[in-house]
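*Asks:* First to last, the protein sequences are chains R and G.
The opening residue of the first sequence carries number 12 in this note's numbering; numbering runs sequentially from there.
The opening residue of the second sequence carries number 715 in this note's numbering; numbering runs sequentially from there.
Calculated from the structure, these hints are not laboratory results.
Each residue gets a CB set at the ideal place from its N, CA and C atoms; glycine is no exception.
Some hints here could point you the wrong way.
[As the list claims (entries may be wrong)] Using 25 Å as the maximum straight-line C-alpha spacing, the simulated SDA-like pairs for lysine to any residue come out as follows: (1) G/K816 <-> R/L138; (2) G/K949 <-> R/L78; (3) G/K811 <-> G/F878; (4) G/K816 <-> R/L146; (5) G/K819 <-> R/P144; (6) G/K819 <-> R/L182; (7) G/K949 <-> R/L146.
[Unchecked claim] Derived Cβ-Cβ restraints for the label pairs, each shown as a range: (8) R/L174 <-> G/K900: 26 to 34 Å; (9) R/P144 <-> G/E742: 52 to 60 Å; (10) G/E777 <-> R/G147: 40 to 48 Å.
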Amino acid sequence: MMSVVAAAGAVSLVELDAASAGQFMLSRPIVVGPLLGAAFGRPDVGLMVGIPLEFMSFDELPVGGHLPLNATIAAAAALLMTLGPWAVPLEAALPAGLGVGWVHQKLEEYQRQRRSLLCRVADERLLRGEEPPYLGLSALSLAGQAAATLLVLLGAAYALSPLLHRAWPLLPSFIQAGLRFGLSMAPWLACATLLRSLRPRP
Amino acid sequence: MSGQGLPLAIRLDVMFRSLLLQSCWSFERMQSLGFACCVQPWLRRCYRGEPEEGRRALARHQEYFNTQPYMSPVIVGMVCALEEDAAKTPAAERSVKIARLKALKTALSCTLAAFGDAFFWDGLRPLCAALAAALLLAVSPRGWPSSLAWPLAAGLACYNIPVFVARWAGLGFGYRRAAAIAGALKELPLRQAIRAVRLTGLAAALAATALLLRCAPAERRLFAVLALASFAGFKAIPVSSYRLYAGSCAAGVLAAAAGWL
Chain R
12 MMSVVAAAGA VSLVELDAAS AGQFMLSRPI VVGPLLGAAF GRPDVGLMVG IPLEFMSFDE
72 LPVGGHLPLN ATIAAAAALL MTLGPWAVPL EAALPAGLGV GWVHQKLEEY QRQRRSLLCR
132 VADERLLRGE EPPYLGLSAL SLAGQAAATL LVLLGAAYAL SPLLHRAWPL LPSFIQAGLR
192 FGLSMAPWLA CATLLRSLRP RP
Chain G
715 MSGQGLPLAI RLDVMFRSLL LQSCWSFERM QSLGFACCVQ PWLRRCYRGE PEEGRRALAR
775 HQEYFNTQPY MSPVIVGMVC ALEEDAAKTP AAERSVKIAR LKALKTALSC TLAAFGDAFF
835 WDGLRPLCAA LAAALLLAVS PRGWPSSLAW PLAAGLACYN IPVFVARWAG LGFGYRRAAA
895 IAGALKELPL RQAIRAVRLT GLAAALAATA LLLRCAPAER RLFAVLALAS FAGFKAIPVS
955 SYRLYAGSCA AGVLAAAAGW L
């Protein structure tokens with residue numbers, strides 16, 4: 012069984028594939044979900060998270076400057092919370108994972124704003140008569156992003172998980188039942204999103 | 715242009731760098747640093763005896779640039795050809811060629827972004843995800859690697875083979891066609907390709923949905939079909955699936971509070 016820290020580290024590296032490097036789709040929830048689930052001995056839970064989040068993410072395309080909610084981080088955080096040592100119920104872990112994906116999206120937006128500094132560095136190098144170290148700047152940028160992702164995932168696993176673990180039994184039963192209902196609806200919502208995204212258009 | 719294409723070593727270097735196109739993505743100039751990184755090896759070669767000109771060339775590719783990442787090698791190839799042509803031109807006449815290069819680069823980045831977004835993001839990606847999901851549901855995975863590996867590998871292969879072809883062949887295509895690329899692109903059946911990939915994706919999505927319905931307990935299938943139809947109806951209005959998920963949780967809480975669940 013994989014440790015939570017190792018899993019978070021692996022996801023942090025694979026997440027770079029989402030937009031920053033390669034884009035081979037290794038970071039998609041449908042890949043990360045089942046593999047992370049399998050690493051913790053529960054591929055079925057990985058599928059229950061990975062497939063719905065994959066399909067739901069087709070709502071928003073990563074075009075232009077638009078940065079959608081990070082479905083990879085949402086899936087990974089939900090799985091780390093539910094399969095980690097605190098065993099948060101999936102009906103609570105999935106919405107919490109979506110919240111973590113939203114936090115990551117905001118963090119990535121901030122990083123993208125900060126990367127203007129890299130443009131300044133490259134401009135200054137050219138003004139000094141030197142070639143900018145593009146590969147070095149890329150490595151720096153990727154390392155920063157992976158570190159930020161790791162922090163977010165570890166925060167989800169070691170701060171949010173214990174909190175949810177303690178809060179869940181205290182919640183009124185109708186809230187628990189409502190979240191369970193939401194979870195049971197997720198696959199159908201996901202299929203509707205997928206079918207809608209592929210509908211014939213004029 | 716040499717007419718023989720880019721040398722293999724340069725082509726491999728450019729291809730590797732094109733994988734990092736978005737690593738320095740910023741709101742200010744988007745993929746500009748990634749693009750300059752891609753053309754750097756070729757510019758070094760073109761402006762070997764003129765380092766100042768080489769730096770000027772790098773500076774013009776550090777300006778704002780954005781396109782669909784898998785389509786960028788086409789533009790890189792075209793820019794390589796036009797930069798090579800500009801480097802061979804006497805310095806006094808270079809500015810006209812450079813102005814043309816900049817105009818073509820901007821026009822092509824928009825055209826190819828529109829195609830790439832529609833084909834890869836909005837067509838091939840859902841198609842391959844639906845295919846992988848259908849295969850995963852069909853084999854009812856019990857563990858790694860016996861029944862998880864090959865559906866995922868099939869989905870990834872279906873996605874990455876066309877992507878690799880677009881990247882590798884696109885680089886050569888852009889270089890060979892150079893300034894004539896707009897005319898060459900018009901001859902390609904791009905609209906038909908988008909339509910075909912989306913129709914295939916729809917078939918795979920229907921298969922995945924049918925398999926998911928098959929996995930549902932028999933007594934809940936009718937409810938599942940109703941839920942699917944309801945969500946499909948909700949999707950007709952522009953509301954994100956994440957919000958709909960939150961809405962279904964809230965509806966569940968209200969229903970449970972009322973004693974209906």
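*Asks:* Now tell me if each hint is right for this structure.
*Replies:* Structure-based check of each hint:
Of the pairs offered as hints, the one joining G/K816 and R/L138 holds, with about 21 Å between alpha carbons and a cut-off of 25 Å not exceeded. At most 25 Å may separate the alpha-carbon atoms for a hinted pair to count; G/K949 and R/L78 meet this at roughly 21 Å. Between the alpha carbons of G/K811 and G/F878 the distance comes to roughly 31 Å, so the proposed pair goes past 25 Å and is violated. At most 25 Å may separate the alpha-carbon atoms for a hinted pair to count; G/K816 and R/L146 meet this at roughly 24 Å.
With a C-alpha separation of about 23 Å, the suggested pairing of G/K819 with R/P144 holds against the 25 Å cut-off. About 58 Å separates the Cα atoms of G/K819 and R/L182, which puts this hinted pair outside 25 Å; it is violated. With a CA separation close to 43 Å, the supplied pair G/K949 and R/L146 exceeds the 25 Å bound. Range check, R/L174 to G/K900: Cβ separation about 58 Å, and the 26 to 34 Å hint is violated.
In this structure the supplied range 52 to 60 Å is violated for R/P144 paired with G/E742, their Cβ-Cβ distance being about 19 Å. About 21 Å separates the C-beta atoms of G/E777 and R/G147, a value inconsistent with the hinted range of 40 to 48 Å.
Of the numbered hints stated above, those contradicted by the structure are hints 3, 6, 7, 8, 9 and 10, listed in ascending order.
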